[in-house]
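Given the sequences, and given the hints that come with them, work out the whole structure.
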Amino acid sequence: MTALAGESCTACDANAPAVESDEQLELLEQLPGWAVISRKGVPQLEKIYPFRDFNQALDFANAVGELAEGANHHPALLVEWGKTTVTWWTHAIGGLHRNDFVMAAKTDYLHGK
1 MTALAGESCT ACDANAPAVE SDEQLELLEQ LPGWAVISRK GVPQLEKIYP
51 FRDFNQALDF ANAVGELAEG ANHHPALLVE WGKTTVTWWT HAIGGLHRND
101 FVMAAKTDYL HGK
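Using the numbering used here, the letters of the sequence shown correspond one by one to residues 1 to 113.
Hints listed in this document are in silico derivations from the structure and should not be mistaken for laboratory results. All figures in this text were calculated on a predicted structure; none of them were measured in a lab. Do not take every clue at face value.
List time: in silico SDA-like cross-link candidates among lysine to any residue, alpha-carbon distance up to 20 Å [what the hints assert, rightly or not]:
1) 47 <-> 4
2) 83 <-> 31
3) 47 <-> 29
4) 47 <-> 24
5) 40 <-> 21
6) 47 <-> 32
7) 47 <-> 94
8) 40 <-> 20
9) 40 <-> 76
10) 83 <-> 60
11) 47 <-> 67
12) 47 <-> 81
13) 83 <-> 55
14) 83 <-> 112
15) 47 <-> 111
16) 47 <-> 83
As structure tokens, then:
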């Protein structure tokens, strides 16, 4: 488990600080396969997880959903045959918070179990 995966999400509101570009790069070094993308000007953290079939992809999405519920921080999940796309960002700030990187690390840990 990475150090990030061992952290907990903290409650945040619209005044919470967004992760700046230089810190994003440092955090991404700990998250192989994750990328910062922009949708409608909102930076988001995304990774595609491959699976053998739809059922495995769906099972993983459900496990990520349980993880998200426990942290009260919810990603966008896209389930397709053979893959699940997980996208984290913080709606309250319209961008990336450290919580998103923590949850990405926890998602990787969940995938590696």
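Hints, verified against the model:
The suggested pairing of residue 47 with residue 4 holds, with an alpha-carbon distance near 16 Å, which does not exceed 20 Å. A threshold of 20 Å between alpha carbons decides the hint, and for residue 83 with residue 31 the separation of about 18 Å falls inside it, so the pair holds. With a CA separation close to 14 Å, the supplied pair residue 47 and residue 29 stays within the 20 Å bound. For the hint linking residue 47 to residue 24, the alpha-carbon distance of about 15 Å falls within 20 Å, and the restraint holds.
Of the supplied pair hints, the one linking residue 40 and residue 21 holds, its CA atoms being roughly 17 Å apart against a limit of 20 Å. Between residue 47 and residue 32, the direct Cα distance comes to roughly 9 Å. Compliance with the 20 Å bound is thereby established for this hinted pair. With a C-alpha separation of about 19 Å, the suggested pairing of residue 47 with residue 94 holds against the 20 Å cut-off. Of the supplied pair hints, the one linking residue 40 and residue 20 holds, its CA atoms being roughly 18 Å apart against a limit of 20 Å.
With a C-alpha separation of about 15 Å, the suggested pair residue 40 and residue 76 falls inside the 20 Å cut-off, and the hint holds. The suggested pairing of residue 83 with residue 60 holds, with an alpha-carbon distance near 9 Å, which does not exceed 20 Å. For the given pair, residue 47 sits about 16 Å from residue 67 by alpha-carbon distance, which is consistent with the 20 Å threshold. The hinted pair formed by residue 47 and residue 81 meets the criterion: a straight-line CA distance of about 16 Å does not exceed 20 Å.
Straight-line distance between C-alpha atoms of residue 83 and residue 55 comes to about 10 Å, which keeps the hinted pair within the 20 Å bound. At roughly 15 Å between alpha-carbon atoms, residue 83 and residue 112 fall within 20 Å of each other, so this suggested pair holds. Only pairs whose Cα atoms come within 20 Å are accepted, and residue 47 paired with residue 111 is accepted, the gap being roughly 12 Å. For the given pair, residue 47 sits about 10 Å from residue 83 by alpha-carbon distance, which is consistent with the 20 Å threshold.
When each numbered hint is compared with the structure, no violation occurs for any of them.
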